[in-house]
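Everything in the sequence shown is counted per our numbering, starting at 16 for the first residue and increasing by one.
No wet-lab data here; the hints were simulated from the structure. Quick caveat: nothing in here was measured; it's all calculated off a predicted structure. Glycine included, C-beta positions come from ideal geometry on N, C-alpha and C. Keep in mind that the hints are not guaranteed to be accurate.
[Stated by the list, open to error] Here are the simulated lysine-lysine pairs, PhoX-like style, with alpha carbons at most 25 angstroms apart: (1) Lys-504 with Lys-451; (2) Lys-504 with Lys-311; (3) Lys-172 with Lys-118; (4) Lys-367 with Lys-451.
[Stated by the list, open to error] Label pairs and their in silico Cβ distance ranges: (5) Phe-730 with Thr-589: 28 to 34 angstroms; (6) Val-717 with Ala-222: 31 to 37 angstroms; (7) Leu-19 with Gly-764: 48 to 54 angstroms; (8) Trp-76 with Leu-413: 57 to 63 angstroms; (9) Gly-554 with Ile-632: 32 to 38 angstroms; (10) Thr-307 with His-457: 51 to 57 angstroms; (11) Asn-512 with Leu-19: 46 to 52 angstroms; (12) Gly-764 with Thr-596: 34 to 40 angstroms; (13) Asp-611 with Ala-767: 43 to 49 angstroms; (14) His-457 with Leu-283: 36 to 42 angstroms; (15) Glu-458 with Gln-531: 29 to 35 angstroms; (16) Val-717 with Gln-753: 24 to 30 angstroms; (17) His-457 with Ser-59: 37 to 43 angstroms.
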Amino acid sequence: MMLLAVLSGFLVTALVPLLNRLAGSYIGWVLALVPALLAAYFASLVPEVSNGGRLLLEYPWMPGLNISLDFLVDGLSLVFALLISGIGVFILIYAGAYLKGHKDLGRFYVILLSFMASMLGLVLADNLITFFVFWELTSITSYLLIGFHHEDADARKFALQGLFVTAGGGLALLAGLILLGTITGEYSFSGLLESGTLISQHPYYTAALVCILIGAFTKSAQWPFHFWLPNAMAAPTPVSAYLHSATMVKAGVYLLARLNEPMGDTLLWSGTLMAFGTMTMITGAYLAYSNTGIKKLLAYSTVMALGTLTLLIGVGTELALTAFVCFLVAHSLYKGALFMLAGALDHATGTKDITRMGGLRHSMPLTAAITGLATLSLAGLPPLFGFVAKELLLEALLQSPLWSAGLLMATLFSAMLVVAVAGLLVIKPFFGATVKMPKQPHEAPMAMLAGPAVLALLALIFGVAPALPASLILDAAISASVGSPVATKLALWHGINVPLMLSAASLVVGAVLVHQWPKLQPRLHRLNSTMARRGPEAGYFGFMQGLAQFASWQTRRLQNGVLGTYLLILVLVTFGLTGYTLLFRYDIDLAFDLADSYFYEWGIALLVVAATVFACITQSRLASVASVGVLGFGVALTFIHFSAPDLGITQLLVETLTVILLVLVLFKLPPFVNLSTPWERYRDLAVAVFAGSVMALLMLAVLDVRYFESISTFFIENSYALAQGRNIVNVILVDFRQLDTLGEIFVLGLAAIGVYSMLKLRAEDQQKP
16 MMLLAVLSGF LVTALVPLLN RLAGSYIGWV LALVPALLAA YFASLVPEVS
66 NGGRLLLEYP WMPGLNISLD FLVDGLSLVF ALLISGIGVF ILIYAGAYLK
116 GHKDLGRFYV ILLSFMASML GLVLADNLIT FFVFWELTSI TSYLLIGFHH
166 EDADARKFAL QGLFVTAGGG LALLAGLILL GTITGEYSFS GLLESGTLIS
216 QHPYYTAALV CILIGAFTKS AQWPFHFWLP NAMAAPTPVS AYLHSATMVK
266 AGVYLLARLN EPMGDTLLWS GTLMAFGTMT MITGAYLAYS NTGIKKLLAY
316 STVMALGTLT LLIGVGTELA LTAFVCFLVA HSLYKGALFM LAGALDHATG
366 TKDITRMGGL RHSMPLTAAI TGLATLSLAG LPPLFGFVAK ELLLEALLQS
416 PLWSAGLLMA TLFSAMLVVA VAGLLVIKPF FGATVKMPKQ PHEAPMAMLA
466 GPAVLALLAL IFGVAPALPA SLILDAAISA SVGSPVATKL ALWHGINVPL
516 MLSAASLVVG AVLVHQWPKL QPRLHRLNST MARRGPEAGY FGFMQGLAQF
566 ASWQTRRLQN GVLGTYLLIL VLVTFGLTGY TLLFRYDIDL AFDLADSYFY
616 EWGIALLVVA ATVFACITQS RLASVASVGV LGFGVALTFI HFSAPDLGIT
666 QLLVETLTVI LLVLVLFKLP PFVNLSTPWE RYRDLAVAVF AGSVMALLML
716 AVLDVRYFES ISTFFIENSY ALAQGRNIVN VILVDFRQLD TLGEIFVLGL
766 AAIGVYSMLK LRAEDQQKP
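Model the full structure from these sequences, guided by the hints.
If you want it as structure tokens, here you go:
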């Protein structure tokens, strides 16, 4: 059942074109049944998981490679699965209304369902390689979703940017996962959770940690990789809402939370997460406050939230991980609602700029009410669940064992900016002065408001009764993150304490920042433009430009159409790597015993060498052909001397035929021309000597080492017994290797046909007038 649940999104995509034709404008409601059924299935697992249970479901996939579709269902993965499927219901319904009549709506739903299935596979996978496969699938499907409006140059550019950043991090992640498997001998999260301190004490720990953090940071838009996430707003709003609330951007923090127990007992882990999380949190909050586009504003606030989640994982205490889970759920609820509401505002007014909106409370009262409720949770005001999460966040940082004062000040600063952002989201569009907008404002259809309304109401219910979600699933998720059973006592009111006073201070300063925003925003915009020219995104574009320039240079120098250059590079790389491995990775003990050699053997060897040298230096084409023939005859004499008359006769026939053919075409060839400089000829000579020396050493090393009994014994014993032939070479070619010989004959036949065809075509061309 679990395998079907995870793969159902992929399976249903085959039916989307048909359903799109049959259901018409109701396609969103029909397809929403898929995540609804998935949410019901995952909800049925809550009782077992909330009681401390953990499900490990195994499905063989590639047993030979030790890769299986194993799924780990505990509190952490189940919370993510419920968020992905539950919010997915409203996203699919919302998309049907938002993109109503779009010519590519069917394609959109195919990609969106694949994206949902990929994310479910990611959070539920237990096998590390399976996890990575789903990880990369989320990158590919998000690329297709961000670039859905592929006619738009910005959509294509930013889709590619998101793909490069996340897929590049994915390569680092793969290296990290392989290192973890090498350290523990386990390629599963369940095995890693039982490894104790083995990982952190291993010499590979630092390398594995760096690789994994690069993968997680790029996926979850941590500084300095944060720039790709706001640019992903080129995607349609349903994608933005899903991406930011429950899916891809949470994949990185999910991985960090999952690995916190086996890897998080070192200062390197906690310090790195706290440092980058804090930097991301401050950067996201500042950029959110300084923007005017409603989607960009929400996107940067997501960056802030992702930094906060990373920071809490880095703190790593039980209280911090409790705050992590609560903040995760609270953010998913209000951010999903706010993004869908942003799409409703854009749909109704024709603009995304909050400075060009105003007075919408009269024409869009329901949207205003839902937005007000969701922004209360964003700002961390009671009685919303965002307030509960914010109080836990401040309390966790007050008790942080490391950098408590600094982290608290940075978080308080970010909280003030986020309060201001929440105020701007409500005040500017709905309570600001009425302005003329590109479209006549009107209330969005219910399909676009149902999701935000439900999510905002859930934030209210969870805030009023936080013990309800805690007892159902949050305690299990916290326990999975901590690594031991945890029973929280979440409540809306804990009395007047330091976190409450800090929260109140953030509200007061946030209100002041809202009032001062019209004066500050132009200055902040200019500052942002200056920073953008020197920030991480500028570095990304500089890197991409440098990559293109390097590729152009490489093409000009290495792929210049000169066959000699290709051959030179091929020989140098092949024999360079072979020679290095042969000389420095293996012990070569070559003992030359020349005591039993005869004078005529030396004569044959000198003849071969002399013919080779003469063929290379002669200026006469006839002498060159003759010397090549002498070389071939010398090889034939070698075969005959070492009791291989068949090979010797074959060599003599081939060499005789070759020399005759070369002499026949000799007079048709143009005269010798020096196409290379003396330096190039000496270079080629050095490369040739080097390659020949390496090959000679390799052959001698191969002859000196024998791991298995020679196969010649088998042919000597079985040529007559099995094939009724006394000529062993013929028997090998005709009986034991008949398919190989047939293949060679077939290749020669094709070559002959090709040559005949070219000659025939040339003859016909010459006959034309």
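Each hint, compared with the structure:
1. Lys-504 with Lys-451: 50 angstroms, violated
2. Lys-504 with Lys-311: Not satisfied, since the Cα-Cα distance of roughly 36 angstroms exceeds 25 angstroms.
3. Lys-172 with Lys-118: 22 angstroms, holds
4. Lys-367 with Lys-451: 14 angstroms, holds
5. Phe-730 with Thr-589: 28 to 34 angstroms: 31 angstroms, holds
6. Val-717 with Ala-222: 31 to 37 angstroms: 35 angstroms, holds
7. Leu-19 with Gly-764: 48 to 54 angstroms: Since the Cβ atoms of Leu-19 and Gly-764 sit about 52 angstroms apart, the hinted range of 48 to 54 angstroms holds.
8. Trp-76 with Leu-413: 57 to 63 angstroms: The hint (57 to 63 angstroms, Cβ to Cβ) is violated, given that Trp-76 and Leu-413 are roughly 47 angstroms apart.
9. Gly-554 with Ile-632: 32 to 38 angstroms: Hint violated: Cβ distance 55 angstroms, outside 32 to 38 angstroms.
10. Thr-307 with His-457: 51 to 57 angstroms: 23 angstroms, violated
11. Asn-512 with Leu-19: 46 to 52 angstroms: 48 angstroms, holds
12. Gly-764 with Thr-596: 34 to 40 angstroms: At roughly 38 angstroms between Cβ atoms, Thr-596 and Gly-764 fall inside 34 to 40 angstroms, so the hint holds.
13. Asp-611 with Ala-767: 43 to 49 angstroms: 45 angstroms, holds
14. His-457 with Leu-283: 36 to 42 angstroms: 55 angstroms, violated
15. Glu-458 with Gln-531: 29 to 35 angstroms: 32 angstroms, holds
16. Val-717 with Gln-753: 24 to 30 angstroms: 27 angstroms, holds
17. His-457 with Ser-59: 37 to 43 angstroms: 41 angstroms, holds
Hints 1, 2, 8, 9, 10 and 14, counting from the list given before, are not met by this structure.
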